[in-house]
Amino acid sequence: MAYIIGRMLLEIDESIIKIIIFQDELMQLAALTGIDYALMIAYLVFTIGLGIYLGKNIKTGKDYFLAGRSLPWWAVGMSMVVSDIGAIDIVGIAGSAYIYGIVVGNYDWIGCIPVMIICGFVFIPYFWRSEVYTIPEFLGKRFNVGVRTIAALIWGFFLACNLGIMLYATAVMMKTMLGWGLGVSIIVSAVLIGLYTLIGGLKAVVYTDALQCVVMMLGCTMVLFIGLYHAGGVGPFVNTVHDLGIDYKDHFNLILPVDTDSPHPWTGILLGLGMVLAPAYWFGNQSILQRCLGAKSEFEAKSAFMWGALLKITIPMIMVVPGIIVLTHNPNIKEADFALPTLIRDTLPTGMLGIFFAAFLAALMSSVDSCLNSASTLWVKDIYQRFFVPNKDDRHYLIIGRILTVLFTVWGILFAFWISGLKDQDSIYNIIQTILSLFQGPSLVLILTGVLWSRTTGIAALVGLISGLITSSGLLIIHNYATVPLFQIQDPFLFIALWSFLVSLVLTIVVSLLTPREPDEKLVGLVYRYKGRNENASVN
Amino acid sequence: MQALIDSIANILRVPGDYLRELTLMIPLSGARTIFILYFVALLVWVLTMPKSEVCGVLPGKKEPIDLRFYAAAALIGQIMIYSLFS
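So the protein sequences, as listed, match chains A and B. Heads up: the first sequence at position 226 corresponds to 226 in my numbering, and the numbers run straight through without jumps. Just add 1000 to wherever you are in the second sequence, counting from 1, and you've got my numbering.
In isolation and in its complexed conformation, chain A is listed as follows (with noise of 0.2 Å):
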C-alpha cells in the first residue's frame, strides 16, 4: 500500500491508471522467455508455499492477526519497507523521475526517514505496550469509541476499496506479463495471495514480504548497475542528462523553489510531505504498524523501525535513479510511465529480465496481502468485536479473521471485476484516495495530541477529528469549484493536508483546554512519558 498519502496522491494514482490504459503497449515491452517465466513461476510456487507452512501453528486470532507476537525485528523492517513500496510504485517512481528527476526522492527521504526514527522512538512503544490489534483500538483508549469507530470505519473503507484497485492492477500486470486474459489474471492473483494471508495470516504476510524485499531490491538494484553501466558510469550519465538541456538543470536537486512548475515545491516537500502527510502515514497507517504491533518485543519493534529506516535510504537509489538513467537512454518518451519498461526491455539479459519481474510481482503481492490482513484485523476487531460480538474467546475471532479474509478475497475480485468494466476507471481511484486523504491532517492530530499531551480529551479529540475534516474537504471543494483555483498548484493535496492538521490542531487543543481533564487511569501507559499526575510535573 506505498505511498498511500504523498507520492500516491501525487505519482502513483496516474500511474495506476497508465499502466490500466497502456497494458498492451506494456505486453510488448515485456518480452519474456522460458527462463523468465521459470524463475517467476518458481518465485511464486516458492512464496506461496512459505506461507502456507507458516500458517500451521495458527491456533488463536492472536496468532492470526499479530502472529502470536512473534516477529523478528529484522523481518519487521523489511516487511514495513516492502509493503510502502507497491509494484505500481517502482514503475511509477521512475516515471516521475524521468520527468521532474531525483526530487521523487524526498518521498522515502524526508517522506520516510525522520518520521520512521521518531515513530521508533516514541510512538511505537506505546502502541505495543498497550496490547492493541489496530490504532482504532489505541485511539478508542485513549480518547472514545466515537473517535475509534470514525477512524476505524475510514481506515476499513479505503482498505476494502484500495484492496480491489491493487488486485486489479495486479492482474493487469500478470496479465500483461503472462498473456492471461483480465478476468483469469483477477481471479488467480486473488486466489493466490488470498490463500496464503487466509492460511498463515500476519505471520505469512510478513514473511513472504520479507523474502519478496530481497527480491524486490535485487532486481530494482540490478536494473540500476545494468543502467549505469550502459550510460558509461556514473560521471558521463550526470554529464549527459546535464547536457539535455535547461529543463533538465533541477534533475539533480532535491530542493526545487516555491514557484517551480514541478508538483514538487520545497515547502509542499517540508511542511506538507515531511511535517503532516509522511507523519500521518507512519504514525497511523494500520497496514504498517500491525507488523510492529506483532514483534517479539517493544525493542524489537524499534529494532525494526530503525533498520527500515536504513534500508529506506537505499530505495531512492535503486527505484529514482534508473528513471534518471532512462534519459540517458532515450530523452524522447513520450509517456513517462514506459521510462523503466523501455529501460527493462533494451538493457536486460535474459533471465534477468524474470528476476525483475518477480520483483515486480513482489512488490504487488505484498501490498496486497498487507491490505488484505489489516482489512479483515480492522473490522473483526473494531467493528464486529465492538459492537457484535464482544465476548468470545480469542478462537471465535480467528474464525471470523478467516471468514473476513475470504469474504474480502471475494469482495476485491467484484470490485477489480467492476473497476475493469468501468469507462472511465481513475475516478473511483481517484474519489478513493482523496478521501483518504482529506483524514490525514485530522488523523496526525489524533495520534500526536493523544500520545504527546496528557491534556488532551476525548471530546477535543472528536472535534478536532471532525473540524479537521471538514476543513479538508471544503478546500479540496473550493479548489476544485472556485472560477479561479484556491491553490496555484495542480495537486494541492500537500496543503490541504497542511491546513487541515493545523485547523484541527488548534481546535484540539482550544477544545481540551476547556473540557475537563481524562483520568490519570485511562492516561498512563497511553501518554508519552506519562506517570500520573502527581509525577506530572516531573515528567510531562
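Because the hints were derived from the structure by calculation, they are not lab data. Even glycine gets a Cβ: it sits at the ideal position worked out from N, Cα and C. Please note that a few of the clues may not be correct.
Going by beta-carbon spacing under 7 Å, a handful of chain B positions derived as facing chain A [as the list claims (entries may be wrong)]: (1) I1005; (2) D1006; (3) I1008; (4) L1024; (5) P1027; (6) L1028; (7) R1032; (8) G1056; (9) P1064; (10) L1067; (11) Y1070; (12) S1086.
Since the structure of chain A is already known, use the hints to place chain B on it.
Positioned in the frame of chain A, the structure of chain B alone reads:
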C-alpha cells in the same frame, strides 16, 4: 453557490498569497539550510535520548544494542544526501 465559493476562495487567498510571498522571499540556500537543520535537530534529539529508551538485547545476542547508533547513521546519511543533491 458559485458566488459563495468564489467569495470564500477570495477570502482564503489573502492569507494564502501572503504566506506564499513570504516563502518566496526565502532564498533556495535558506531552504537548503532549513532541511539540513531539521535533520541536525533530529540527530541531536536522538543522541540525547535516555539510554533506557534506546538500548536493549535482541534474542541470540549477549551484548546490548544501542539503537541511537543506527538512527544516527540514517540521519547522517540524510544530511549527506541533502548536502550533495541541493
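Cross-check of the supplied hints:
no.: 1; hint: I1005; result: 5 Å, holds
no.: 2; hint: D1006; result: 5 Å, holds
no.: 3; hint: I1008; result: 6 Å, holds
no.: 4; hint: L1024; result: 5 Å, holds
no.: 5; hint: P1027; result: 9 Å, violated
no.: 6; hint: L1028; result: 6 Å, holds
no.: 7; hint: R1032; result: 6 Å, holds
no.: 8; hint: G1056; result: 3 Å, holds
no.: 9; hint: P1064; result: 9 Å, violated
no.: 10; hint: L1067; result: 5 Å, holds
no.: 11; hint: Y1070; result: 4 Å, holds
no.: 12; hint: S1086; result: 4 Å, holds
Violated hints for the displayed structure, listed by number in ascending order: 5 and 9.
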